[in-house]
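Now that you have both chains on their own, put them together as the hints suggest.
Protein chains in written order, with the working numbering: chain A, 1 to 258; chain B, 259 to 527.
Pairs of lysine-lysine residues, derived as PhoX-like cross-links and limited to a Cα-Cα distance of at most 25 Å, are as follows:
(1) A:K200 with A:K231
(2) A:K231 with A:K199
(3) B:K298 with B:K282
(4) A:K161 with B:K282
(5) B:K282 with A:K159
A few chain B residues that face chain A, going by a derived Cβ cut-off under 10 Å, partial list only:
(6) I272
(7) E274
(8) E520
(9) S521
What the hints contain is simulated information worked out from the structure, not anything from laboratory work.
Computed from a predicted model, the values in this text were never measured in an experiment.
Note that CB positions come from ideal geometry on N, CA and C, so glycine has one too.
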Amino acid sequence: MPNGFDTNGPAAQRTNGPAVLLEGVTKSFRIPKEHRTTLKESFVRLFRPTEYESFEALSDINMSVEYGDFFGVIGLNGSGKSTLLRVIASIYEPDRGHCEVNGRVAPFLELGLGFNGELTGRENVFLNGIIMGLTRSEVRSVYHEIVEFSEIGRFMEMKVKNYSSGMMARLGFAVSIHVPAEIVLLDEVLAVGDVEFQKKCFDVFENFSRQGRTIVFVTHDLGSVERFCNKTALLENGCIVARGSPHEVIETYRARAL
Amino acid sequence: MKPYARSLNANLAILEELARTDLKIRFQGSFLGYLWTLMKPFALFAVLYVVFTFFMQRGGDDPFFSLKLLLGIILWSFLSDCTLVGMNAFVWKPHLVTKVYVPRIIIVMSSTLVSFVLLLLNLVVYAGFHLVAGPRPPFGPDAFLFVPYVVLLYCLGFGLALALSVILVRARDLQHIWEIVLQMGFWLTPIIWQFGNLPAPVQTRQVLFQRLVMLNPMARIIEFSRYALIGNTNPGLKGILVLAVMVGMVFLAGYLIFAKQESHIAERL
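The following block holds chain B by itself, in its conformation from the complex (with noise of 0.2 Å):
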């Protein structure tokens, strides 16, 4: 018998209470709180906005290019916040690892699960510029497809967590190399640019130069969320299952990875 083999309940409780605490000691101190997480992606959304619409005249004729900029950012802040709080976890919380025992994948798990409610908190402030700037009706047939898009979103995150975690034990210095992977993605990923406002000479190899940038899952899931709430329309089945299954491959690869070398975090702590 595995020691400390509990049951699920229990430990759906332990998960619980960390993320919990995790919340708590992410706010505390602050006076506006939770108001400065929100602060984070809306104030780089109003920066972006107003260079590229303004200076650069790059909204084009698009009516809703500021509330695809806007959700585009949202769910880029998830991964960036996920990634960067869920490869801590051991990192800040060594206590967690070394003095009791909790099944190491919930340590990572409830990080990353305070990310997403932070998600979920930032999507309802989308929705309201949503209401305001969004098209007429608000949300067509397609929309309910953003909820699988968020899940393939969370599981994406939480892979790359998991396997980022054990790592960053092993070599403090992946928080550097992932910050600046993050830095790029950010902008390699159709974000800020959009497939619709491409300069000329880009687009007469749109399609090639679509398949590439299709290749990263976040490009798809931002892209496609799009098409759900704001565009009223879909990739088709192949395209989300493109999507699901290199998501599946990246969170496989997570695990794997951070099974191999779970039995060995507390002793590299």
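Chain A on its own, in the form it takes in the complex (with noise of 0.2 Å):
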């Protein structure tokens, strides 16, 4: 894979634990039991507070990701993959437990970046960039092989509120593995693209792992955990009920899904 970083990371920066670890992770938001849609209703109860349930995202998650792994996590929709990708990249935090990353992240999370819509590609490679620790002129260094990379080079002066989510998560996608980050997130990179950018995916994927990057990677195709995860876990509401070689962790999740 073209890279102008030494995306092993120096060996300095890596302490002797894990990349991530998770201690007792529990995550809950609060969802408001009742609705109120009409002016009236909201002003009849103006003085009653509004009553939440709460509902648990996560709960007491334990795990650790070891440098060069390729850790898959899978499981059905609301299981809470996302929110755990989220916490892991400090966009949530966790109401109970803690969190600990060593290395710089790229997320790469639900169809792209920090994508501002009413700047142009080139500009949001730049603020992108420049958000995940580059520098002005790394970014300028690297530009090029990003533009290649998600093959819209035509509509990088486009603004991007006009792009397709295809071309959105193309150009998200170059953009978090074109940073020098030792540990890479990433949610749902093959959802929305098509057969021949799946197969551009699948050629970094085996790079990474050639190269022992920290991969972190939730999605629901299969075929793709068990062809380049080394581990796994299977959530299910919130919990780790099972974690392994992808094998069996696959098998796990078909039976209980059935």
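Right under this line is the structure:
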């Protein structure tokens, strides 16, 4: 894979511990019980506080991802996979427990990065590259590789709000894999791409494995989990119910889901 | 180790890039670009000046009434712009919160910095008016005090924006409430009316009235700035210290509210 950086990361940046360590991580969200839709409704109940129900998206998660792991996370919709990734990316703060991440993180969460619709593709590459820790001149030096990888060079001067979801995913993924992060978080990269783009993703994954980069990979594509991951965890209602080799975990998943 | 614990340099680079893109988005697609933001305070100035000096003859015998009015409007416009833009930092740019991790304070700060840059540009234009219509010599030794006043003004705006930004995420009504507060504040601050040209009934209770008005840090900043640039005088160390303490308290309160709510922004957007 073309890459301007030593993506293995300088050894000095690695500590002896795991790349990602979660201990007793619990995250819950509040969901309102009654839905106030009309003005009258909210007026009548103005002085009565809305009642909330607590929904535990993650409960007491303990897991560790070692350097070089290609860690797959599978589970049904709503089982907490995306929340887990967001906790690792420090977008959500856990209510209890703690999450330790040793290294720089490149997140690719649900169709893209911190793309600003009002900016062009090119401007967004620079903005997100800098957010993920590159300097302006470093972005400039990998810019062409990013564009080449995304294959949407013609649209780089177009505002991102006019991009299709496929274009957005391509560009986002291209940026995520070109920043010098030790840990890459991937949520549903394969979901919107076409066959050719999926093939490209697989090539990247193969490279990642060879380079020993640390990946946390959320997907519904069990075939790619089996092919690329060396460890897998199965989430169910916010708990890890199975972990181990991809093959066994996928068997468990199939058995439990049906 | 906190994930994404980054060097100060990296954070400054992010701050700069976010401010730069904000500035770009603000002016893109308009032919006159930055001239429009210049237009707002100056149009307001023109209309208020005409109404108050010709229709209502409120300018009185103060030869610098118009300069004081212009300076007041420029400083107030900053507070208004800075708090409105800073307040909406998360609501307008949710992608910076939910898709990547940027220290949240940087997102608010970059928005307010754009307002600050516009303030500086407006002050350059003010300087032109000042040189033409201002006192002779244009600046005395007290003029340098304007620098700390502007710094305090920024801290006030930033502190308010911090608190407002996290509250707005929970209660969107705040947008309207804050606009009303700003509108009332504009008339309760000595911007158009000035202590020199109050009607007689108020003047008999001048001291009490002035004390009340000066509880508003914005009134202090605007009055003191006029002293420094136009009157070439200063309110004394005590007056400045009181202002600094007021601004410090607002900033601290704003920061504490922000720090308490910061970790829940992503799930509330």
